[in-house]
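Given next are the chains, with one letter for each unit.
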Amino acid sequence: MIRNYIKIAFRNLRRNKLYSFINIGGLSLGLSACILIMFYVSHEYSYDKFHADSERIYQLEGKAEFGDQTIFMQNFSPVVAGDLVEKSPSVEAGLRINSEYKPVIVKTTEGTPQSYSESNFFYTDENFFNFFSFNLIQGNKEMVLKRPFSLVISEEISKKYFGKRDPIGQKLEIIKDSTYQFQITGVVENSPSNSSIKTEFITSIATMEKMKENERNFSSQIFQGGSFATFLKLDNIENVASVSETAQKLSKQASTQSKDEYLLAPLEDKHLKSKFDSGIKYLELFPLIALFILLLALINYMSLTTARSDSRAKEVAVRKVNGANRKNIALQFYAESALYVSISFIIAGILSYSLEKRFFNSLNIEIDGGFFFHPIFLIILGAIYVVSILLAGIYPSFVMSSFNPIENFRKKSQGKFGRNLIRKTCTTVQFTVAVVLIIGGIIIKQQMDYLKTLNTGLDRSEILILPLQKSMGNNSQAFRNEIEKNPGVENTAISNNQIYDGYDIFYASTEKTESLALPLMQVDNRFLNVLDVKWRFKPANEELITAGKKIIINETAIEKFKLSQDPRGEFIELAGSPQEIVGVVKDFNYASLENPIDALGLKVSKRDQFSGTGFLYIKYGNTENLQGLISSLADSYNKYDSETPFDYQFMDDKFNALFKSEERLSRMFSFFIILTIIIAGLGLLGLATFTAQRRVKEIGVRKVLGASVLEITTLLSKDFIKLTALAVLIASPVAWYLANKWLQDFAYQTEIEWQVFLLSGVFAVSLALVIVCFQAIKAAIANPVKNLRTE
Amino acid sequence: MLKLNHIYKWVKSGGRRIFLLNDLSLNVEQGEFLSIMGPSGSGKSTLLNVIAMLDDFDEGEYYFEDEAIHNLKSKKRTDIFNQNIGFIFQAYHLLDDLTVYENIETPLLYKKVKSSERKALVADILDRFNIVGKKDLFPHQLSGGQQQLVGIARALIIKPKLILADEPTGNLNSKQSDEIMQLFKELNQEGVTIIQASHSESNAAYGSRIINLLDGSVQKS
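Taken in order, these protein sequences are the chains called A and B.
To convert a position in the first sequence, counted from 1, into this note's numbering, add 219.
To convert a position in the second sequence, counted from 1, into this note's numbering, add 786.
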């Protein structure tokens, strides 16, 4: 029976090539989009689940109160893990990890030494490879971290440093304040893309203790915050509460005044809850959009199948007279939709598998290709497949199976008002979604442009930022002097923290306020000049700025600390020492644009007095030979710092990186918009063709009676155009509402302009016009005699 | 075999009832070959549809082999129809996408007959109608007479007790039409009850009884 159904479906598919093409084309596109999006989303949700005991692994977190601020702690003192294993019977194992905060320099020892700056370098306990499920390719997991200065590297790193040579026993130098020699004892598999721990360089905590730079990490030997991420493996997940209670107790024992709160966060949630990766901000939105696109494609299928119901009605009637019941007919149309969905699914599978790399590259997302065959993802694929078949078949099989055979034989085409209405609704829904997406996409883009061109109170154009590492040592002045002589360089400035990347927080108070958080940056006296920050109240004397115990604040700080309108000469107490306010700068954005500008203090030192690490801002004027300038900067740099490789960033890029999630959303949206337009366009093409075919006789008669091509084209297209116009009307307020809601998240919002709605509307209507008119004109210019004869 | 008592069927049009069947009573015995004659619109097709239980009537009683059809639910009616009645159309109504073989096989599929048995039954009937050579052709590759042969073969494959034929030769020339009528006669002699609606006197003459229909009632003859 099923074979019979599929046979018929196949013959139908071959006979109606245009419909089959539209149906399968639209469904394939919709499914590909759906598959790719779900691929991304399920990858995000699969983080850290590959560990054998992932559901039993927790990371200790803490909350501490400092003045008016709550600090979240993820790192603890070195004794915390051991104390918990000892005192809490539910903790099977504990593990500490300390990651190098700044990149370390890794240098080869053989041949001509090569050095690279590496950012994934961490220290951990010996049981690391038992605790987590990272597989060692070479080395014994009990032994690899046993001896101090053993180093386990990943396959990729091994290839980078040793090529095809056997890395075991080879030596690498790690350069911090001093140089340490490490011996490779093991090679670990590259960590999968859905791992929040990146295994590149792993060494032991015993090694860490032997490195004098790390002494302060071990200074605290009581149960409190510190610098070690602490992972715990419990015997049973029901004991989470008891373990955190133990932690609470231990903290109280360590210090009776401690108000710190401790809790255990599941490892599996680590990635999604992380506040630092902004890429997952819109994660919940994506499956919804995937579903929408799939729905649009399915609507196409439904509306086209029912549009053809007239020609299938006879078949249904004959089958019913020959003994088919409703169930048989419904099943037949289900089989047919299953066939269409299956073919589309295979095409979509191939399409998304081959486009996956390119698609995710364009979105700056890294996912292992192998995840395509991950069980979780395969289950999702299966679900999409089944749901598509069920949805695609439901309406056609319902409509078709309800036909009464006699009525279908008797009347050639009857009042199909109901079905017509549904088709009209389908078209309207599709175009509504398309227009909402178009408007949304434009507004997202506008918001991005708005943010990027927003006056943030400083001029970040033509500025390169160059990190100065410790390895530069005392050479930084000399280096700076040299590059300032470079004709391409106009000016330079320095700050201790990179702008947009962080700042120090101090607790400050004035006479009128208690202790409040004051973000603070240490800069040199060129900083304001190079970044073109404007004065609100200029210091009386330039010399004052760099004198001791003086501070510059921004406008917001005046309000936050309840200072007088012109606070010059007033004092603000910083870490117990009063600082005189000598000037006020106008507000400028120094952190994320998501929040309004906070108060800021600037400690300014003289150009030659700024020492140590920091970030050098290089203002260049002549942009014609930027490559030349950069390579000459690199040359100078390498003269003064032979260890840390030259690295730079444009300040503009640094700023734009603040909108990583939005940028991704915007790119995804452009992709969705194109897809929706294609799918809706295909659907409309199908319906227009169908209408023109159905009315071929009417057109013939009208032409014989003297109707012009224009009149007939109008006759055929006006219904569709009305529907599209209706879609625009429905879509506009919906899009406005959604866009407005989305914009609420931003401290700085672009205006929603009415032109956007007009433009999107005009675009949608003209698109519909082109598609529909193409078919209508074709029907209108056909020779009427020929059409009438075929009847 | 079947008995219609005072059947009325009407449609409403502008508040007035237009009677399609008007106080129609009819008795058909097992083994009869009944021809229903009458002008267009006299209700021949409606009557056949009512007998086939494909269409409802508004008043009256209908017994099919002592089963009171007027009291049955539509599902049960469909079952009785599927078990006992083969229907033949003027316009053949073959499934365009299926071959001759598959067209004839379709009713067996819906009756859930086993594959081997299906093959045997279809082969038998192809043989009997001399269309074995055409079994892989599609309907549009056949002449009208051949298509109607396939239509009849399809109706017969479930071995119905009753065959209803609505102007089975209406689209055929006289030679083809005679062949079909001859076939009906043979079937009737084998014991199948046949009711046919027809315009043509000569075709009607093949029947063992003729009734005339006018405006939905049987004319006294």
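Hints are not guaranteed to be accurate.
[Said to hold, decoys possible] Straight-line alpha carbon distances no greater than 20 angstroms define the calculated PhoX-like cross-link-like pairs of lysine-lysine that follow:
{"no.": "1", "chain 1": "A", "residue 1": "Lys-226", "chain 2": "B", "residue 2": "Lys-897"}
{"no.": "2", "chain 1": "B", "residue 1": "Lys-789", "chain 2": "A", "residue 2": "Lys-546"}
{"no.": "3", "chain 1": "B", "residue 1": "Lys-898", "chain 2": "A", "residue 2": "Lys-226"}
{"no.": "4", "chain 1": "A", "residue 1": "Lys-546", "chain 2": "B", "residue 2": "Lys-920"}
{"no.": "5", "chain 1": "A", "residue 1": "Lys-769", "chain 2": "A", "residue 2": "Lys-858"}
Think of the hints as simulated: they come from the structure by calculation, not from any bench.
Bear in mind that the values here come from a model prediction, so they are computed numbers and not experimental data.
Quick one, are Lys-789(B) and Lys-546(A) close enough, alpha carbons at most 20 angstroms?
-> Distance of about 31 angstroms is beyond 20 angstroms: violated.
Holds or violated: Lys-769(A) with Lys-858(A), Cα cutoff 20 angstroms?
-> Violated - the C-alpha atoms of Lys-858(A) and Lys-769(A) are around 36 angstroms apart, more than 20 angstroms.
Within 20 angstroms, alpha carbon to alpha carbon, are Lys-546(A) and Lys-920(B)?
-> violated (31 angstroms)
Does Lys-226(A) lie within 20 angstroms of Lys-898(B) when you go C-alpha to C-alpha?
-> Holds, because 18 angstroms separates the two Cα atoms, which is no more than 20 angstroms.
Pair hint Lys-226(A) and Lys-897(B), alpha-carbon separation not exceeding 20 angstroms = holds (19 angstroms)
The structure does not agree with the numbered hints 2, 4 and 5 stated previously, though it agrees with the rest.
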